[in-house]
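Taking the hints into account, I'd like the entire structure generated from these sequences.
Top to bottom, those sequences are chains A and B.
Note that the first sequence covers residues 1 to 293 in our numbering.
Note that the second sequence covers residues 294 to 793 in our numbering.
Among the hints, a few may not be true.
[To be verified] Calculated pairs, DSSO-like style, for lysine-lysine (alpha carbon to alpha carbon, straight line, at most 27 Å):
{"hint": "1", "chain 1": "A", "residue 1": "280", "chain 2": "B", "residue 2": "685"}
{"hint": "2", "chain 1": "B", "residue 1": "685", "chain 2": "B", "residue 2": "405"}
{"hint": "3", "chain 1": "B", "residue 1": "405", "chain 2": "A", "residue 2": "25"}
{"hint": "4", "chain 1": "B", "residue 1": "300", "chain 2": "A", "residue 2": "124"}
{"hint": "5", "chain 1": "B", "residue 1": "562", "chain 2": "B", "residue 2": "529"}
No wet-lab data here; the hints were simulated from the structure.
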Amino acid sequence: MSTIESTKELMRKPAKRSRKIFIQKFLNTGILNVFLTILSMLLILPFIWMLLTSVKPLSEVGTDSWIPSTWQWHNYLDVFDAIPYARYYCNSLLIATWITFLQVTTSALAAFSFSRLEWPGRDKVFMLYLSTMMLPGLVMMIPNYQIMIQLGLVDSIAGLILPGAFSAFGTFLLRQFMLSIPSSLDEAAEIDGASKWRLFWDIILPLSRPGVIALAIFTFVGNYHSFFWPLVMLKSQHKYTLPIGLLYFDSSAGQETNLLMAAVVMSVIPLVFVYVILQKQLVAGIQLGAVKG
Amino acid sequence: MAVKGSKYRQLFTGLAFIGPNIAGVFTFVIFPVLFAILLAFSNWDLTKHNIFKDEPLYFVGLDNFTRLFNEGDFVRFLLNTLFLMMGIPFCVAGSLFCAMMLNKDNRGGGGKIYLYLTASALLFVGCIMLTLVGMGASAMTLLLAGVGGTVLISGLGFGQTIFRTLFYMPHFTTGVATYLLWKKLYDPYDGPINNVLNPVLGYVEAGVKVAPSPIVYMMHLALVVVVPVMFAFVLKRVYRWWQDGDLGSQGAFVTILITCIPIAVLVMKFSGFVHWTGKLEAVAIGGASVVMLLLFAIKWWNGKPFQIVEGMYGFGSALAFSLLMLVLMFIAIGLSMVVGNLPEMAQSGLEAPHWLTDYHWAKPSLMIMGFWAAIGSNNMLLYLAALTNVPKGLYEAAEIDGAGRFQTFWNVTWPQLAPTTFFIAVMSTIGGLQGGFEAARTMTEGGPSGATTTLSYYIYMEGFQTGRLSFSAALAWALFILVFTITLFNWKFGNRYVND
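Structure representation (C-alpha cells):
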C-alpha cells in the first residue's frame with residue numbers, strides 16, 4: 001500500500017477500515033493455505049498411491065480405485081519371504097553407519113589440522129584437496145575398481161566401506177566450520193598447557209558439533225541411497241544393499257507391484273524418521289554447505 | 294603465537310592429524326585420477342586383454358578422444374543430457390516459487406485472524422467431507438479429501454513446518470526406491486497416471502469431435518496471438534530498462550534477438566516457408582535489428598537519443614528474463630500446434646502416451662519426475678534461508694515507492710537472491726551434466742533405443758558392460774572438461790551478474 005492510499009484509508013471510518021483490512025488479510029491467508037495444501041497434495045500423491053498399493057491384493061493392482069478391497073498387511077511379511085530383505089537392510093545400515101563413523105572421524109582430524117595447526121606446506125595440500133572436489137566421481141570409478149581387484153576386495157562389504165571413509169568434501173565442510181571458532185580458545189588452551197590432542201578432543205570437536213552432525217546426516221543418507229559403487233562391486237546376492245536389492249527384486253519379480261511397493265515403503269521409512277527427527281540440523285547443514293560458494 | 298618446538302615437530306603434528314585422511318585420499322582419489330589419465334591415453338580394452346587373449350598394452354595418444362567424436366554416440370548422448378538439463382530452470386523456478394510461498398506467514402500473524410482461519414478451515418473441511426459422504430462419493434475421493442483436509446488443518450496448526458516437510462519429502466527420499474515407484478506410476482497399462490489420463494482424454498476426444506471446427510480453430514488462433522502479445526510485453530520491459538539506464542544497448546539487442554526466435558518461427562510458419570531451417574536465423578536477426586532500429590527511433594523521438602548505457606550492464610537479469618519468456622512463447626506455440634491438430638488426432642483416437650517406453654516421451658517423463666523431486670529440494674531450503682535474510686527495509690521502501698508485486702519481486706527480491714541463484718545454477722549444472730545414471734539404470738536401461746542414455750550411463754556402460762576401459766576413461770575426462778569449462782564460464786560471467 002502506498003502512502004497516499006494509506007492516508008486515504010486513515011481518513012475513512014476506523015472501524016470500517018480495520019474490518020476491510022481484516023477481511024483482506026483473512027482471504028489472502030486462507031487462499032495461501034489452500035494453495036499450499038493443494039501443492040503438497042500433488043507432491044505426496046505418489047506416496048499415497050504407494051502406501052495404498054502396498055496393501056492391495058495382486059489382482060487389484062492397476063484398477064481404477066486406489067483403495068484395496070481387503071487390506072493385505074501380510075504383503076509386508078511376504079517381502080521378507082520373496083527376497084532376503086532383512087539382510088539387505090542390515091547390509092545397508094551397516095555400510096552407511098561404518099562409512100559415516102569413519103568419514104566423520106578422518107574428516108574431523110584432517111579439518112583440525114587444516115584449520116588449527118600451522119605446518120609447512122599446509123595450504124598447498126589443502127589446495128590439492130579442494131581441486132579433487134571438482135573431479136567427477138566417474139573418473140575415479142574404473143581405477144578404483146582395479147584397486148579393489150588388486151586388494152581382493154571386490155564383492156565384499158569392506159570394499160564398499162573403504163573408499164567412502166575418506167572425503168575431501170567432509171574435510172572441507174568441517175574446516176570451514178572450525179575456522180569460525182575463535183582462535184583465542186587455542187591460545188588459552190596452550191597457556192594452560194594442553195596438548196594439541198587435548199585441544200582437538202576437549203575444545204574444538206565439542207564446539208563443532210553442529211557441523212559434525214550435519215556431515216554425519218549427509219553421509220549417512222547419501223550412503224543409504226548409494227547406488228553406483230555397490231552396483232559395480234557386488235556380485236553375490238547376500239551382500240546386496242537395499243538399492244541393489246530393490247533393483248534385483250524389480251527385475252526378478254517386478255510384476256508383483258504390491259510386494260515391490262511394500263519393499264519400497266520399508267526402504268523409505270527410515271529416511272522419513274531421520275528427516276522428522278533431525279530436520280533442524282539438516283537444514284542448518286545444507287546452509288553450511290552452501291555458504292562456501 | 295609462541296613458537297613451540299621446531300618446524301619438524303609442527304610438520305609431524307600436522308601430518309599426524311591429517312594422516313589417516315590423506316592416506317585414503319591418495320589411495321582412492323589422487324592415485325586413481327593419475328591412473329585414469331594414463332588409462333585415457335592407452336588401449337586397455339577387456340575384449341582384447343583377458344585371460345584368453347593378451348594383446349600388448351600401449352599408449353595410443355589421442356586416439357580415444359578422436360574416436361569419441363567420430364563414433365557419434367558421444368554427441369548423441371551429450372545432447373540427451375543437455376535435453377534433460379532443460380528441466381533445471383523449471384525446477385529452480387519452482388523451488389523459488391515454493392520458497393516464496395513458504396516464506397509468507399500462513400497464520401495471518403496469529404491472533405484473531407488465526408482463530409477465524411482455523412475455525413473456517415475446520416468448517417470448510419467438515420462441510421466438504423459431509424457433502425462427499427452425502428453424495429455417496431467413492432472411498433478414494435473421501436480418502437483424498439480427508440488427507441487434504443488433514444494437511445490443511447495441521448498446516449494451520451503447526452505453521453509452515455508441515456508444508457515444508459511435505460515439499461521436502463520427494464527430494465529426501467529420491468533414490469532407487471522412488472525411481473521404482475515412478476516406474477510403476479508411469480506404467481502405460483496399469484499405472485495410475487494413465488488410469489486417470491485415459492478417461493480425461495476420452496472426454497477431450499468426444500468434445501473435440503462434437504465441437505464445430507471453427508471453435509477449435511479460434512482456440513488455435515488465440516494461442517498463436519498470445520505469442521506476439523508476450524513479445525510486446527518483452528519489448529516494453531526491455532525498452533523501459535534500456536531507457537532508464539538499467540540495461541546496455543548490446544544487452545537490449547541480445548534479449549530482443551532471443552525473443553525474436555519464436556516470432557521468426559511463427560512468421561515462417563504462416564508465410565508458407567516450409568523448409569525454414571537455415572532461414573530462421575536470418576529472419577530472427579533481421580527482425581531483431583529492425584525492432585532495435587525502431588526502438589532507437591522511438592528513443593530519438595522522445596528526445597533522449599544518446600543516453601545509452603554501454604556494455605553488459607544488467608545483462609544477466611535481462612538474459613534470464615528473456616530466456617524465461619522464450620520458453621513460455623515456445624510452450625504457447627507448441628500448445629497452439631497441438632490444438633490445431635486436435636481434430637485430426639481425435640479422428641484416430643486420443644490415447645495417453647506410453648511414457649517411459651515411448652521414444653519421444655521417455656525424456657519428458659524423466660523431466661517430470663525430476664521436477665517432482667527437485668521442486669522442494671535443498672534449493673528451496675537455500676532460497677528460504679536467503680529470503681529471510683532480505684532486509685525488511687527494502688520491501689518497505691518499495692511499498693512506499695508504490696511498486697507492484699511484480700516490480701517488488703523483480704527489483705528487490707530477485708537481485709537480493711542473486712548469489713543464491715548463482716550458487717544453485719552452478720551446482721545444478723554440474724549435477725545435471727553428471728546426472729541421469731540412476732534413473733536410466735533403474736527405470737529405462739538407457740532406452741528406448743538410447744533415448745534416456747546420458748553421459749554418465751554411457752560411461753558406466755562402456756566401463757563396466759562393454760569393457761572398453763580406456764575409452765570409458767576418455768569419456769569421463771571429456772565430461773570433466775565439459776563440466777570444468779562450464780563452471781569456469783559461470784564464474785567469469787556469473788560473478789559480474791551477482792555484483793550488479
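*Return the numbers of the hints above that this structure violates; sort them in rising order.*
none
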